[in-house]
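Visitor: Those protein sequence lines, which keep their order, are chains A and Z.
Under our numbering, residues 254 to 517 are what the first sequence spells out, in order.
Under our numbering, residues 13 to 397 are what the second sequence spells out, in order.
These are computed hints drawn from the structure, not numbers from a lab.
A couple of the hints might just be wrong.
Footprint (simulated), chain Z over chain A, 3 or more residues, beta carbon under 8 Å [to be verified]:
hint, segment
1, 272-284
2, 306-315
3, 439-446
Predicted, not measured: the structure shown is a model, and the values here were computed from it.
Virtual Cβ for every residue (Gly too), placed ideally from N, Cα, C.
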Amino acid sequence: MADDPFVLGGTSFSSRLIMGTGGAPSLDVLERALVASGTELTTVAMRRVDPGTQGSVLSVLDRLGIRVLPNTAGCFTAGEAVLTARLAREAFGTDLVKLEVIADERTLLPDPIELLDAAETLVDDGFTVLPYTNDDPVLARKLQDVGCAAIMPLGSPIGSGLGIRNPHNFQLIVEHARVPVILDAGAGTASDAALAMELGCAGVMLASAVTRAQEPVLMAEAMKHAVEAGRLARRAGRIPRRHFAEASSPAEGMARLDPERPAF
Amino acid sequence: MSRTSDVLVVGGGIIGLVTAWRAAQRGLATALVDPEPGGGAARVAAGMLAAVTELHYGEQTLLGLNLASARRYPEFAAELTGASGEDLGYRRCGTLAVALDADDRALLRELHSLQRASGLESEWLSGRECRRLEPMLAPGVRGGLRVDGDHQVDPRRLARALVVACERAGVVFHRIWAERLEVVGDRAAGVVATDGTVFTAGQVVLAGGSLSGRLAGVPEEVLPPVRPVKGQVVRLTVPRPYAPFLSRTVRAVVRGSQVYLVPRENGELVVGATSEELGWDTTVTAGGVYQLLRDAHDLVPGITELPFTETRAGLRPGSPDNAPLLGPTALPGLLLATGHYRNGVLLTPVTGDVLAHVLTTGELPDEARPFSPQRFSAARTEQPV
């Protein structure tokens, strides 16, 4: 949307959907899903790709003109994450990094202490840091204070498809944010993405909801529309919720077709 | 110096070997160039013939070819054993795919519906029934699919048998690397080896696995879009007093990654496999081995008692749609047999038959039409918006 650009780390994007590549059944399906999603920015796990290989997921992104957002998936300590981010900057020639520091493999939830530590180090080192964080408004504020370029709270655990479990926290995070807030993890279907945008998120990041769907290409298109619809709804402003009905058609001046017989 | 044949196969993995063997059987003078025939990804592969348990959404076309090849295995194994004197370790033991928690169970239930919708035989078992079949399974097993039609073969013995069968059928082995495809006029005419020797042939079959996209001299538009997908595999041994330990292939998805245990009759137990997009790297890593053993231990706790025999990493030849590239290319005289990805061992019999048919008649048989390499040249000209 030309009148409503999405600015992240100084770059302007017209799509507010950031895609991940994990879980795609094949490169061919991934490519068609990325096209259908309309995404302009896609994350790739630094530890799981080799930037030099032809015909890899990176070649697909290159061919489609989609920017690579390297992430630090698989890191458990701030030290590992910082090292991985530096390798990614070297390999991809970008300061953008999606910072992930995971606490354990069962939940894949972020480790807040290691995350904040790594974020601070990387910001000082000149990175544009986009941290994957818990939906904790206090931590979100602290990440912003150390200079992160966006806040990426989880709706629910990675790959769970459970949607946004605590919409109220999202509202609190958005209200206090001076940087874009992006839903990261948890979206299971289109309504989850639309809800994130209605709550005031600047964008949505997802992978499994598309790559593990029965028809990934269709779901990618659904997500594209959901993000656009949610953004428009947010800008339009929803009506207040009421307890009782309020007729949408005017009651005055209604035609009386047959005065002897009521219509119902 | 130049040597000539009707057919020259580039690559001596199981796909190249089966192509050469079948071509020679049809009376074609056949040569094969590879520094070490019988090597390649088959040296690492576990050898599951898993057409049913490896079913994925959107891969129904590939399923047809996988099933066609699985059906040929009994006869193929018998014929190859007859031709080579080697036992292939072909075992009709079946496969049990199990779920370790409620999430895995839901996923497996979904696979079961897809299998049934595709007309495949697969039986749902409770956790208790699974453990009655395989008492070594972890107590936490929540249910599983019994697929008696998914068998196994030992890929190393398969490769050895194919080398012997090729030799006996008169295939000439050039034990050297092919460096460049020789194109004369607008036709593939042979290859130049690293020492400068030229091997000419009427038809050249490129069967180089993950290396197939790297042969110099192949015109850009016919170069197969194949990439290496690394897999690490661990081998354990079941000591005699523990036998049989497992009586069929057992597999599961643990925390999103596939793990399988394939028990051979000779006591070998193969635990596989990671799936990594790391280019040409074939390093065995601590993380890879840890992940395999951790997941295998979740599935079958008793593996910790077994002797640890070997670790190895190989490269699967992955194509953009996970299906193989079989048959003629746009360059006359050049054919492909590559891109078999996870299914190389399973697809060996059908690949041999399809290539022999093309090499003798010039036509792809119906069952192989969807796998023509030309499907990718069409997609490349049609640029996405």
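Visitor: Take the hints in turn and mark each one as holding or not.
Guide: For each hint, the structure was consulted:
1. Using a Cβ-Cβ cut-off of 8 Å, 7 residues of the segment 272-284 of chain A lie near chain Z, which meets the minimum of three, so the contact claim holds.
2. For a cut-off of 8 Å, the count of residues in the segment 306-315 of chain A with a CB near a CB of chain Z stands at 5, and the three-residue condition holds.
3. Here's how the segment 439-446 of chain A fares: 0 of its residues keep a CB closer than 8 Å to some CB of chain Z, so the rule of at least three is not met and the hint is violated.
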